[in-house]
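Protein chains: 2
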Amino acid sequence: MNFPSKLIEDAVNEMAKLPGIGKKTALRLVLFLLKSDESLTEGLTEALTNMREGVSYCRKCFNIADKELCMICESNMREKQIICVVESTADVLAIENTGQYTGLYHVLGGVISPIEGIGPSDIRIDALLERIRDDSEISEIILALNATMEADTTAFYITKKLRPMGVKVSSIARGVPVGGELEYTDEITLGRSIVSRVSYE
Amino acid sequence: MNFPSKLIEDAVNEMAKLPGIGKKTALRLVLFLLKSDESLTEGLTEALTNMREGVSYCRKCFNIADKELCMICESNMREKQIICVVESTADVLAIENTGQYTGLYHVLGGVISPIEGIGPSDIRIDALLERIRDDSEISEIILALNATMEADTTAFYITKKLRPMGVKVSSIARGVPVGGELEYTDEITLGRSIVSRVSYE
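Residue numbers (this note's numbering), protein chains in the order written: chain B, 3 to 203; chain U, 3 to 203.
Take these hints with a grain of salt, some might be off.
Which residues of chain U face chain B? A few of them, derived with a C-beta cut under 7 Å, are [claimed, not checked]:
1) Asn4
2) Glu40
3) Leu46
Since the hints were derived computationally from the structure, they do not count as laboratory data.
The beta-carbon is built from N, C-alpha and C at its ideal position, and this holds for glycine as well.
I would like the entire structure built from these sequences, with the hints used as guidance.
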């Protein structure tokens, strides 16, 4: 693609580094900013800079926080005895949006991945074990990791470490999505949904 | 959507003002920036700020330019007697990418739209007429406007103004897109493609 200006080219190249944004979309966004009032570009760049520089992480669960503790750890409305272990802060947001969970979280910040050179000490497993050791109130750990090989390895590792600590460990259910059709569900998911069938009480 | 931090919320809201970017995509982009190295956010915000503050417009054709004249107006390789009239700088880029046009451009910066209160004097029609008046070399004007009611009105207005000036005026062809199937082409386009049929020579 030929650009009429070096400045436009730079802006497009930077914008295209974002996930899911190709050169064409980046150009469309850049030309939109160019056409719009200057305050829009200012607002965007300021908000991004403030966000990147200002956001800190909860010292307890490593979720995004404005203060030392995140809103969830600080709240009096949450069940303090359950911890849901997730990979990233995006997962916390996704679970929070369901409105079905009232416990606390622990953000690992990744999963064990030998290929990428990420070992158990590179993610926040030790901090999780310490949290459980220090707080006798904690009685249940829910593993809410993605359905990947690496996440399964991580879940296996954490489960092994947690067994001697006397807390109940569970994983979120895998199965046919609500609204999904059996015919179009992959075999592994469908297989798992049969193995982990739920009996009517 | 609940956000764990005011800073994240602000960044998402600003990002979601871009066209085609909803709250969910904005959140994904913001969390990506948060997870990535700080230099990525810095690079992006700097490039956008420099672009918005630094880009100027060609004083002749109003295309984006780094200097007083744009690269196209300045070039010695272009045919100086043809001007292609377009609505926006994005259209210039689109036509340049075809590699089929070697003349000059004139960017109107919009089209006549009574509903939005945009009259002939709000877009750069006078500048176009002046350009033709001042430069006797110019012999042909190609109208490359979008296929909307407003663009048709604008084309009609420009054509009327150009008639006494003795330049040849044409419009880009409307018809069935290359690779398109007749069966799925809308009636108006198909109708126009029959009316403007091209005879084999």
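Now for the hints, and whether the structure bears them out:
1. Asn4: This hint holds: U:Asn4 lies near chain B, its Cβ roughly 6 Å from the closest one there, short of 7 Å.
2. Glu40: 6 Å, holds
3. Leu46: This interface hint holds because 4 Å falls under the 7 Å limit.
Every hint from the earlier list agrees with this structure, and none is contradicted.
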